[in-house]
Every structure is written in C-alpha cells, then in structure tokens.
Amino acid sequence: MAFAAFGSTAGPVEQAPRRRSWVALVLLLPGLAYLALFFLTPLVSLVLTSFQEPVEFGDVGQFQQAFKIENYATVIEAYWPHFLRAFGYAIVATIAALLIGYPLAYFIGVKCRSKPLLQAMLLTLVIAPFFISFLLRTLAWKQLMADDTPLVQALKSLSVLPADGHLTGTAFSVIFGLTYNFLPFMTLPIYTTLERLDTRYLEAGADLYASPATTFWKVTLPLSLPGIVSGTLLTFIPASGDYINASSSFLGSAQTQMVGNAIEANFLGLLNYPEAAALSVILMGLILVIVGIYVRRTGTEDLL
Amino acid sequence: MAAGAFAEAGADLELVGLHKRFPGFTAIEDLDLTIPAGSFFALLGPSGCGKTTTLRLVAGLEQPTSGRILIGGKDVTSVKSFKRPVNTVFQSYALFPHMTVLENVSFGLKRRGIADATGKAHEALRLVELDHLSARKPQQLSGGQQQRVALARAVVNRPALLLLDEPLGALDLKLRRQMQLELKAIQNEVGLTFLHVTHDQEEAMTMADTVAVMNKGQIEQMGAPEELYELPKTAFVANFLGQSNLFTGDVTNSKGDSIVVDIAGVKIEVPKDRAQRHTGEITIGVRPEKLMLHTEAPKKAPGVNILGPGRVTDVSFSGVSTQYQIAVPGIGLITVFAQNMVFGPVVNLGAEAWVSWTVDHGFGLLDEPEHTPKFSADTDTATIALQTRHELLAEIEEA
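Protein sequences appear in the order of chains G and X.
Using my numbering, you'd call the opening residue of the first sequence number 85 and step up by one each time.
Using my numbering, you'd call the opening residue of the second sequence number 19 and step up by one each time.
Hints may contain errors.
Computed beta-carbon distance windows for the label pairs [unchecked claim]:
#, chain 1, residue 1, chain 2, residue 2, range
1, G, Thr276, X, Gln196, 37 to 43 Å
2, G, Glu161, X, Ala133, 57 to 63 Å
3, G, Phe300, X, Gln157, 20 to 26 Å
4, G, Val194, X, Gln157, 50 to 56 Å
5, G, Leu202, X, Leu88, 34 to 40 Å
DSS-like cross-link-like pairs, simulated, lysine-lysine; straight-line CA separation at most 25 Å [said to hold, decoys possible]:
#, chain 1, residue 1, chain 2, residue 2
6, X, Lys318, G, Lys195
7, X, Lys285, X, Lys251
8, X, Lys92, X, Lys138
9, X, Lys138, X, Lys155
10, X, Lys202, X, Lys273
11, G, Lys195, X, Lys98
If you're looking for bench data, these hints aren't it; they were derived computationally from the structure.
Here the structure is a predicted model, which means the values were calculated and not measured.
Every residue, glycine too, gets a C-beta built ideally from N, C-alpha and C.
Given only the sequences and the hints, what does the whole structure look like? Please build it.
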C-alpha cells in the first residue's frame, strides 16, 4: 500500500489527495491498533464483567458471564455517597486549582514576558514536583498535617481547629491533596494560552474606556478560555477518579472515601469484580456526561 | 470624558518638554508641540523616529520619562489611558478576535454607557461600508476590511482626539483614497482633532492641515504641507518630503534681495527670505520639477540661475513626467523632472544639457554643511544603481 505512494505515475494531479489519505491511514494504523488492543478490548471486557454473577458454590472471586443488571442497582445503593464525595471534592479542588493556577499562569505568561530567564525558572518550579513520586509527595503532606506538627498546634492555639480536631482524614485534607497534586495540570494549559495572549488587545481595551478589571473580564478571560477548559478537564477528570488522596493510608479516612476507593476495595480487596466493574462504568458515564455538558456550555466544542 | 456623552468638539493637544527614554536609547528628546482643536495634524517621519512613541504617550499606553501632556488644557500626564478622551486606530488593528465586528465597534460605547450603542455601531459600520458583515468575526475579514472596522471602532466614540497609527497602510490605492476622503469628511463634520502618524509623505500632505516632520525624536520642521514642500529648512526635510537637488558652497556677497553662493565656481542666487543663513558655507537646494532643461546654453538673464553644461546620464519615463539625471562636472548629479509635453524625451541619453531655474525657487538650508553630505543623499534604488553603474564604467575606462 505504501509503495503506491511512490509508484503511480498516472493522473498525478487528480490522484494526489487520494494518495495522501492512504499515507495518512498507514501512519495512523499503529495508533489505531494500539487503541483497539489496549482501550477498546479492556472496555468491552469491563462492561461484560459488570454483568457477571458469582459461580454457585464457587470460591471467592469466581464469577461467570451473565446479564445481571442488578449489579448496577446494588452499587448505586451502596456507594452513592462515594459518588457524591468524588464529584464534590473534584469540583471544589478544580475551582481551588483554577483560583491558584490562573494568577500563577498569568504572572508567568504575561508579566514575566520581558524576563525569559525568570519565566523559565518559574515554569520549572511549576513542573518540579513531578520529579518526585506522587505518592511520596502526598505522604509528605500527611506528615506535615499530622496531629502533633507545629502547623496543627498553631491552628489549635488560634482556635481555627478545635482542641480535639485533626487535619488529616478530613474532607479539607483530601481536597487540599487533590488541589496540590493536580495544580500543574491546571497551570500549564492556562499558561500556554496566556503566553500567546497578544497584549495589544489589552491596550485596545484600555483605549476603548475599559478599566483593567473590565478588560480582564471582557478580553483576557474569554481569550484564555480554551486554556481554562483544558486545564479544568485535566484536573477534574483524574481528580474525580482519584483514590490515593482520599485513602486512609494517605490524606483521607473512612469518612472521606471517594468512588475510586470503592472501586479499589472491590477489585483488590473484596475481589468483587462485577460490582467494581459496574462502579467503573457508572463513573465513566457520569464523567462523560458532566464533561459533555461543561464543554457545550463553555462553547469550546472544537476542543473535543 | 463624562460618561454617557460624546465630546462636543475636538480638544487641543499640548506636549510640553516631553522626554521618553527606553533602556539603551532615547525615543523622544524634549518635544514641544501644540495641536489646535479641530485640526488634522500629521506626524511624518521614517521608522524609528519616535512618532509612534509620541502617539502611545498621548494615548497613555506609555509613561513619559519627563514632560507633560495636556488635552483640552487639562493635564492628563498621570491619567490612566482608559480615562483619557482619546481613541486610537492601531497599526495592527488589535480587533478583539472573540467578538463579532458589531461587538468590537460597540465595545467603547458600552463601556461609557452611551445609549443605543448597537444602533450607533451600525451607523459607524455603514460609514465604512461594512454593515453587512457586522455579524462576522474579525478573522473572517480581509486586511483592508479589518482596518476599516478598526477605524469605525475608534471613530464611533467621537473622541476629542483621534490618534491614527498608520491606519491606511494595508489598503489598496483606490480604497485608500476613499478612506482618506472619508476621514477628512468625518473630521470636518464633528470637528474632531486628528493626530495622524505616518511615514507616507503623500498621505500626510494630502490629508493634513499641518505636517510635522520628525527625525531622531525631534521635530525638524512643522507647517502647512505646501510650505514644508516649497521651503524646507533642513536637508532631512528637503529629502524626506519629495526630492531635492542640494549644493554646498560659500556665500560670496549679497545682491539686493538675494545672496550669491559660489557652487564650484558658478554663482547661484538664492532669495534672502528663503535662506535660513546668510553667511559662511551653506547648503542650498531646488526641487527637481522647478528645473528647466536646455539642449543649448541658455542666455544669461537676471533672476535666473544656470548650471551646465552637463551630460544626461539617465532618462526614465514615468507617464506624466520624465526623470533626467544630469552629471555636471564639479557639481555632481542633478535630477530634473520634466512634464511630457511632447512624445518621447526632450533630450537623449548622453546629450549635452544645461539646467536653469528662477531664483525665487531656490532655498537655503539651516544645516551646518559639515553635517550634511556635499550632495543630496539619494537612497532610492534607481539612484544607487545608477551611481554604481557610473563607478563601474569609470573603472572600465581607466583600465
């Protein structure tokens, strides 16, 4: 097939676009094969697993293919608080990351434009946490927020925290962990759009009687919307499926379990594969719906 | 400017002792300038002369290092740009890409809370003949159309002072003429003050009441276009605004209303009131179209300067006129523009020729001769090519 791209001599003008599409297809083939093998196959397997039922008198973890749709009803009944917490924490963490990440990205991308060295250094600092394992960093935060640390003592003496209060194991520490861990995913896409922002638009805004605040709302923010949308998606999607931050061995407790923790427990602890699979399918479906509505509302369909 | 109302009329602009230094260079050096209300003022100069910086200082997009800016008698030096009664047509248009043409044009009106912003925006778009495209995004328009939207976006606000930063650069000749007329009409209608920055001398001369020629951060000369053209005071103005034949020599004596200058042994008269200096070594000049071309030595007559004989080294036909280059020994190249009154050139390449001009047409420059080249620094490609050819021919002859 690839040889056709070189061999053919007839009708070079008419043939050209067609030949190019063949080349494109050949180049796409490895990617398509990869997706079919490692995305489509597991997805089908996951959906099939979610309908399985236990083998009668079988061992723990022994299931057979069936069409047990009740699995879905069971998991929704048992784990709806986990879903609520997952999306609630993820939304709050995404908003917090946006509020921290946007000014950071604006400062690096717009204010530091005349100082490329400082810009590069600050960008490195944003990415620097990636050089250390995600788990180690989260554990480090657990240490910092432990009950006998100066931080917690100080909060207690200021009566911000009650005398018998904790920081770890609370919704606050889970959201804090999510925000911290996904902040670079928010900052970098916003940075790339702001870095290209033509400051002459801001001058035009000032020239047309818009105060700096109005110029920001009417010009800067709409022009950086693509970055905000991709940043929030890159933060929200993994955060809502996260199971590290909320887990009891890290920043969470039994009261802060998210749906990711429920899936982990069912797959790896209880060996209840059908229910774990059902939870995964529901989580995936809900994220798709939420993201679809969000992208449609922000008017950036061309991102999808 | 009061919110919700248009400026009643244009305001005058006054720049007092303005300096602007950037790290490493000085863009504007001690600029004093008064532009009366309702005038159409052009700042003309080559790129890098500080004219755009001047405009940005007036718009409030840059802060002066020192000096004051007054609009309508009010000191606005420290007033933020969004509070100044000024609008700019940017060279890059700077149309908001996420807004439609209509939203762009009504942006300023809405910020100031003016009633019927949309209606007024449509009106402004009709003025630039783009109302039918008001729902498009700027990227869907051609360069010329974008420029007209930028113009409408500024003009719709009826600012006391409208700043134009080379706004007609991307338009084709026909549209450019049309927009020039439109701009003049808008200016007359509302009596706004226009400050137009351009490097296009023809545009500056056809549109502006007053032209200021800027060079190296300072204004070299200012006045009505005719005045600047007919009586340039410096070599820079003489060459930037049209072309000039410049000669340098010592003033030998004065004769009635004229001074006599010795140019390579030839006595040339220049009217005293058209010469900036009357003693010592001075540079004098005459415009190429003021010269008469002769094929035989003209009779000496009072009030007429004669140079020659020389040899015609180049004849280039350009429709309405023909440009001749005449090399006069000891003086150099003289450029003559002659109207094409007959078919074909009056003199042929290599012919012997004389030039003459009425004394009244000459002018004397202010420059110290050591700062000006002995002969006009013609930098257009035709002249450079011609000079190179001469040098080559001379080399070949010697060899």
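Going through the hints against the structure:
no.	hint	verdict
1	Thr276/G x Gln196/X: 37 to 43 Å	holds (42 Å)
2	Glu161/G x Ala133/X: 57 to 63 Å	holds (59 Å)
3	Phe300/G x Gln157/X: 20 to 26 Å	holds (22 Å)
4	Val194/G x Gln157/X: 50 to 56 Å	violated (22 Å)
5	Leu202/G x Leu88/X: 34 to 40 Å	holds (38 Å)
6	Lys318/X x Lys195/G	violated (72 Å)
7	Lys285/X x Lys251/X	holds (21 Å)
8	Lys92/X x Lys138/X	violated (28 Å)
9	Lys138/X x Lys155/X	holds (19 Å)
10	Lys202/X x Lys273/X	violated (45 Å)
11	Lys195/G x Lys98/X	holds (19 Å)
This entry does not satisfy hints 4, 6, 8 and 10, going by the numbered hints stated previously.
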